[in-house]
Amino acid sequence: MDDPIIIVDEVTKRFRGGARALDALTLVIPRGAVYGLLGPNGAGKTTLIRILATLICPDSGRARVAGQDVVRNRAAVRERIGLAGQFAAVDDHLTGRENIAMIGRLYGLSRREAAARAAEIVDRIHLTDVADRQVKTYSGGMRRRIDLAASLIGRPQVLFLDEPTTGVDPASRQDLWRLVRDLAAEGTTVLLTTQYLDEADQLADRIAVIDHGRLLTEGTATELKDRTGGAIVEITVGTHLADAALTALGPLAARHDADCNRIVLPAPDGPLTLRQALRLLDGAEITPTDVALHRPTLDDVFLALTCRDTRTLAGRPA
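When you read off a place in the sequence shown, starting at 1, and then add 24, the result is the number in my numbering.
Source of the hints: derived by calculation from the structure; they are not laboratory data.
Bear in mind that the values here come from a model prediction, so they are computed numbers and not experimental data.
Among the hints, erroneous ones may be present.
[Claimed, not checked] What follows is a list of derived Cβ distance ranges for each label pair:
| id | residue 1 | residue 2 | range |
| --- | --- | --- | --- |
| 1 | E309 | H150 | 56 to 64 Å |
| 2 | A48 | T271 | 33 to 41 Å |
| 3 | R179 | L302 | 55 to 63 Å |
| 4 | R205 | Q158 | 24 to 32 Å |
Even for Gly, the Cβ is constructed at its ideal location relative to N, Cα and C.
With the hints as extra help, turn the sequences into a complete structure.
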């Protein structure tokens with residue numbers, strides 16, 4: 025890969041109690057891309073962002089951002105990055121415009137420069153009409169946009185977005201997606217962590233799936249789906265006995281969602297696999313309530329790699 029903008033080389037990070045948040049993680053991220061970091065809560069996504077943003081140091085391994093070592097050249101890294109964390113870091117008693125300008129002043133801009141850039145960014149994120157209202161009057165989506173806008177005032181080469189659309193309404197989510205696409209089109213590299221599989225599918229040029237601090241796989245969304253298999257069978261039944269009935273299909277790594285009695289399994293032979301599954305269920309006198317055969321989604325990729333139900337995406341601290 026030519027001239028990557030982020031290099032993570034065998035990075036390990038342990039926290040109190042000896043638990044490893046990152047376990048010899050290695051990633052190479054190209055310039056100008058939207059790179060998605062996908063995984064459940066507790067996978068290590070936020071820990072990696074904090075290391076790359078120079079907020080914490082790795083225990084071992086090395087990482088470079090925009091050519092600068094994140095431990096030895098922290099100030100240089102900070103000059104080249106922007107960060108929007110999981111929670112909007114805004115001052116409720118300032119206006120949106122004042123919040124953005126304040127960050128500009130912290131970057132070392134003059135009062136005039138900070139005001140000019142704040143005006144430019146407010147227009148860009150389509151909040152001109154409310155920019156001079158106190159942030160405490162904003163909706164959740166508007167607060168997230170102001171937080172993201174403040175991270176842009178330093179014109180960063182790399183923008184870290186840690187679950188940027190968590191808790192925002194669908195319309196605001198679409199607005200943030202458009203802004204991310206615009207930034208990438210202008211050459212900003214975006215490292216995006218997300219729990220939303222469709223968000224990674226929509227935005228990311230490449231995706232890394234991590235769990236327990238380890239890289240499970242990496243590639244484009246299409247590549248990841250192709251690795252999962254040609255098709256997926258989903259069968260909804262009213263009994264747990266279906267698992268035993270389907271064991272004759274062989275080691276297909278069937279997964280069972282206990283809440284809705286949904287069985288998901290790879291279908292390497294497409295309709296033939298579906299026919300075999302239905303025949304086995306019929307032999308066990310089990311009648312499914314719903315059956316589907318479809319191409320893999322990123323949900324299926326995640327489940328195949330981690331053997332988790334998608335409900336666990338919200339089950340552990342990051």
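For a quick check of understanding: which of the numbered hints are violated here, in increasing order?
Structure breaks no hint.
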